[in-house]
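Following the hints, complete the assembly by docking chain B onto the known chain A.
Protein chains in written order, with the working numbering: chain A, 2 to 190; chain B, 1180 to 1438.
Treat the hints as calculated values from the structure; they're not laboratory data. The reader is advised that the hints may include incorrect statements.
Stated by the list, open to error - Straight-line alpha carbon distances no greater than 25 Å define the calculated BS3-like cross-link-like pairs of lysine-lysine that follow:
hint, chain 1, residue 1, chain 2, residue 2
1, B, Lys1401, B, Lys1210
2, A, Lys103, B, Lys1280
3, A, Lys103, B, Lys1279
4, B, Lys1401, B, Lys1279
5, B, Lys1279, B, Lys1210
6, A, Lys155, B, Lys1279
7, B, Lys1280, B, Lys1401
8, B, Lys1243, B, Lys1345
9, B, Lys1324, B, Lys1345
10, B, Lys1400, B, Lys1210
11, B, Lys1306, B, Lys1400
12, A, Lys155, B, Lys1210
These are the residues of each chain, in order.
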Amino acid sequence: MQLTKGKEKETHILNIVLTALAVGSLGLAGYVLATGKFKGGTDDVFLIMVCLLAALLFAIVPFMWAYEQGYVAQFLDVGDESEAAAAHAHGDADHEHGITNKQNLVVWGALLGLTAIEVFLAYIQLNLTLMLIIVMGLSIIKAALIMAYFMHLKFERMSFVLTIVPALVVLLCLFAIFFPDSFRLNELR
Amino acid sequence: MAEVSVRDVATDAATGEWSGGTFPYRVGHRKLGMWLFIMSDSLTFTALLIGYSYVRVASDTWPKPFQFSPSIVFSSLMTLVLLSSSLTMVMAVMAANRRKKRSARRWIIATMILGSTFIALHAYEWKHLIEDEGVTPAGNQFLIKRTYNDSGNLIAEGTVHIEPEKAAEMEMETVDEAGHTVRYVQADRMFGAAFFGITGLHMFHVLTGVLYLGVIAARIKKFTSEDVEVSGLYWHFVDLVWMFVFPLIYLLSVDFTPH
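Only chain A is shown next, with the shape it has when bound in the complex (with noise of 0.2 Å):
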């Protein structure tokens, strides 16, 4: 994103709001936990994932604005990723877009692994709502994981990717969404 010297001012000022709202909502989420402490139950929990979640959706804005200006690229410049960068700048010929059979092997034993945490909580015999948020918590970090690496989203344009993930995580948000009211059918029984 070439910004040209006019707009400069009003993408700071957009970036500051953006990340004040986004720092206000984290703090409601906080705020929610430490006086709530889950007395409320379910709907607590609904609560701090509304506030999580539009923490997130106002800092996606200033995170890739930062993105962009190289900021995040100073702050975590570890050798993966500029290994990364390097093997797409080279092998973008040969369509290999930098990964590799070690990392396909590591995303799998990731996958594998987090498999087995979950059938894990299942035999300890979680109740049902903890169990929920996290099997529903995992198997988003197992979606993302699948998405990114075995289907290749991490290696594409920006523009796609911001395309098709929002229609997913809508998708996840209508799930967030019913949970209380069926917890709530459930409690008037």
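Leaving out everything else, chain B in the frame of chain A:
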């Protein structure tokens, strides 16, 4: 052929990430089409899973017919098979990208074998549920057994399978050896519909995937590496859906009462 020209256009016309140009996503139309299909298909699965989770959580008589061993161990094995098939599919796509079509074909066939194994294991599980446990889309033969102590608090809950003829004769409220009151209630009849509906649709996707990969493997010389990659996308999506179906359907319906 198409790939080379497509990449050149992308680098010439659109240098910036957001400048668009003639090729804004830098993916071929087949790949874009498959991604759009995946998005619409995930809507279908999400609708089913939301409907299922809603009735699952709202119901207090949901049957838990899966014992940890063998059912959960069995379905974990199915998960392992499906995850491994994703790995072999990744290998196939990598081989195809390196123009090694023979190797790609072998990896695709390995994926098809693993996919077929998944279908076979799943079909066996269905057979067990239908024939031994009497689950149908409209009903089941499970009763929820609840044990209450003297002050009327629930101390134990479990799912028991009782044939309808026996269930008609037995007393729905009895007292066990320890003197606790035991009550039986019919388990939620939605279980069969949810289980067969969701796993059935998923199994149909796996079957379609195996056929799709079969076509790609049989005529791999005529297909480009992008075609292999697109079929890989579909296969990974089927795997991804199972990552939600397995915990939501199986892990939330585990019975821990000793039998």
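Checked hints:
1. For the proposed pair lysine 1401 of chain B and lysine 1210 of chain B, the alpha carbon gap of about 17 Å is at most 25 Å, so the pair holds.
2. The suggested pairing of lysine 103 of chain A with lysine 1280 of chain B holds, with an alpha-carbon distance near 21 Å, which does not exceed 25 Å.
3. Our distance criterion of 25 Å between C-alpha atoms is met by lysine 103 of chain A and lysine 1279 of chain B, whose separation comes to about 19 Å.
4. Of the supplied pair hints, the one linking lysine 1401 of chain B and lysine 1279 of chain B holds, its CA atoms being roughly 13 Å apart against a limit of 25 Å.
5. The hinted pair formed by lysine 1279 of chain B and lysine 1210 of chain B meets the criterion: a straight-line CA distance of about 20 Å does not exceed 25 Å.
6. A C-alpha spacing of about 24 Å is found between lysine 155 of chain A and lysine 1279 of chain B, which places the hinted pair at or below 25 Å, so the restraint holds.
7. A hinted pair counts as satisfied when its Cα atoms are at most 25 Å apart, and lysine 1280 of chain B with lysine 1401 of chain B qualifies at roughly 10 Å.
8. Proximity of lysine 1243 of chain B to lysine 1345 of chain B is assessed by CA-CA distance (about 20 Å); at most 25 Å being required, the pair is judged to hold.
9. A C-alpha spacing of about 15 Å is found between lysine 1324 of chain B and lysine 1345 of chain B, which places the hinted pair at or below 25 Å, so the restraint holds.
10. For the suggested pair lysine 1400 of chain B and lysine 1210 of chain B, the alpha carbons sit about 19 Å apart, so the restraint of at most 25 Å is met.
11. Taken as a hint, the lysine 1306 of chain B and lysine 1400 of chain B pair is broken in the structure, with Cα atoms around 39 Å apart against an allowance of 25 Å.
12. The suggested pairing of lysine 155 of chain A with lysine 1210 of chain B holds, with an alpha-carbon distance near 15 Å, which does not exceed 25 Å.
Hint violations for this structure: number 11 only, all remaining hints satisfied.
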